[in-house]
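2 protein chains.
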Amino acid sequence: MKYIAVFCRFLTDEHRRTLEAAASRWDYAVDYYTHFDQVPAEKLPLYEIIYGNLSPRRVREFPSLRWLCLDSAGADKYVDESIYPNPDVVLTNSSGAYGVTISEHVLMVMLMLLRHISPYLEAAAAHRWHPAVPIRSIYGSRITVLGTGDIGTAVAQRVKALGARQVTGVRRRQQPADPAFDRIVTYRELAEILPDTDILISAMPHTPDTAGIISRENIALLPPHALIVNVGRGTAVDQEALAEALRGGKLAGAALDVMVPEPLPVDDPLWTTPNLLLTPHISGNMSLPYTCDIDVELFCEDLARFAQGQPLRQVVNRNLGY
Amino acid sequence: MKYIAVFCRFLTDEHRRTLEAAASRWDYAVDYYTHFDQVPAEKLPLYEIIYGNLSPRRVREFPSLRWLCLDSAGADKYVDESIYPNPDVVLTNSSGAYGVTISEHVLMVMLMLLRHISPYLEAAAAHRWHPAVPIRSIYGSRITVLGTGDIGTAVAQRVKALGARQVTGVRRRQQPADPAFDRIVTYRELAEILPDTDILISAMPHTPDTAGIISRENIALLPPHALIVNVGRGTAVDQEALAEALRGGKLAGAALDVMVPEPLPVDDPLWTTPNLLLTPHISGNMSLPYTCDIDVELFCEDLARFAQGQPLRQVVNRNLGY
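Protein chains in written order, with the working numbering: chain A, 1 to 322; chain B, 1 to 322.
Note that these hints are calculated values from the structure, not bench results.
Everything numeric in this text was worked out from a predicted model, so none of it was measured.
Possibly wrong hints are sitting among the right ones.
What the hints assert, rightly or not - Label-pair distances were calculated between CB atoms; the ranges are:
(1) A/Ala191 to B/Ala21: 55 to 61 Å
(2) A/Glu301 to B/Ala123: 48 to 54 Å
(3) A/Phe36 to B/Thr272: 42 to 48 Å
(4) A/Pro261 to B/Ser118: 22 to 28 Å
(5) B/Ser118 to A/Arg313: 24 to 30 Å
Each residue gets a CB set at the ideal place from its N, CA and C atoms; glycine is no exception.
Using the sequences plus the hints, can you model the full thing?
Printed below as a string of structure tokens:
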């Protein structure tokens, strides 16, 4: 018998049955833990596979580890080679599970900014009827999506279906045409795209290429009516430059679901920046049953491949960071 | 020379040029007014056509009126025959201009309710990081749309594109299949549909058939996780029953953009009802350029028909109310 240690916190009884059925098919037993401290010391050498986001500093404690499957799409805390007991440990993520929930979050915050919901909510809290303020629409907008993976593609498909005029994907390397996007360019061409962007959406992992990409210079290239939405990683954005642009009216609005640091300290100036919608890293909320179902499904599919010695589909390249 | 009196408040210079070009082609001159009081008494008999929502009690003051074109989709204040100088005045509306803006409003409020944005906004106002709460998605939901006109169809197309599992249209009479809906049933079948509805959206005009249709009995037929969104007319909803259902946890949430009366008085119990998102009749906000463009375009198209003695396309049946 071989062993899998599961650290996912979102599993229903149904998910456990699915996991156990898939595992037993390949002679694996499954143990569930909430924290590392619950793992009996004598069992540590048994586990070949970990599923779930165990604290990175604990990964080395599993000497027989061969595969770590994250239940998140983001893998930035796990790209450091020194956290692994040996360099051959394969790292996979759950990219593919988050497109639906994160793209619905993106639509929500875009519409809240475009339709200026804040004054209406404030007036309603005071039991007052607020006069109409000018609004804008996703329909007819030019939308630039940084990151063309599962999440960026899900966002692009949705804004296109809602009538966005032009949807541009931006990624590290050129890739074949994808019907979700009107065009795909590389990061190097970003500066040319920004002046014609009404809404800039970041759905990028944290990597050396993406850190700071929404820089002071790039923010200044956007037209003053533009919006920025970040659901990738907080490191992409120069938060000081963003706050200055919003305070100075150089940018119409922004919505950050990710930021640096998380949680944001109570005295951070972002909290009081005008036209900035802050949410506490919830766009990929694991309470959406669909997200959890896909997450488990992706693991079980890669488990079958792993057990048969085939390449895994969800592999993270630790040099690239995704 | 014949004359058109325009009472629309949203017109840009570009819209005026478009209107004047269309009018002059058929030998009409255009005068613009903000209020009835601005119309010189001696000019009242000149106007054959009014474009815009002049106060209903002033319509009789135009003895030569042959056509009243509303700039709204809703026509309920203009169905009373006694407001017209003669029974032959044709009434048209601007159904077709509002689908984009109202459907984007519907998506916004649905997502705000499904994703429980309120506690996050309250925490952010207090500079606090709020823990994740369970959420739901449009993806996979069963959505029932009351009213299958321009607005209901635009809503149906969008939720379908976002992956709604089943989209049911409900209307007065059976009609041929419409690809925007998975099925269309009549008001008479509503009670059978409600127990399997996750989100009920009303985009109906006010008519004798629709007044009170979201009744206490019908609200009770919805499952407790259901949401109600109303962007049609406030008279559709039994507001007391709705508030009771929300307070009693018999319904998960609601968003009303229309209500009775408007504006809602400061002491109305709706303001303090839990899980109720109230907006001040702004879903069809005329500041969306697209809405205004289409509104003017629809008028100009019907003007060409009117001038040539052809039937108008946007006619409101004053007996039906739409």
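How the hints compare with the structure:
Remark: the range hint 55 to 61 Å for A/Ala191 to B/Ala21 is contradicted by a beta-carbon distance near 41 Å. Take A/Glu301 and B/Ala123: their Cβ atoms lie about 37 Å apart, and the range 48 to 54 Å is violated. The supplied range of 42 to 48 Å is met by A/Phe36 and B/Thr272, whose beta-carbon atoms lie about 46 Å from each other. Between A/Pro261 and B/Ser118 the C-beta distance comes to about 25 Å, which sits within the given range of 22 to 28 Å.
Remark: the range hint 24 to 30 Å for B/Ser118 to A/Arg313 is contradicted by a beta-carbon distance near 39 Å.
Hint compliance for this structure: hints 1, 2 and 5 are not met, and every other hint is.
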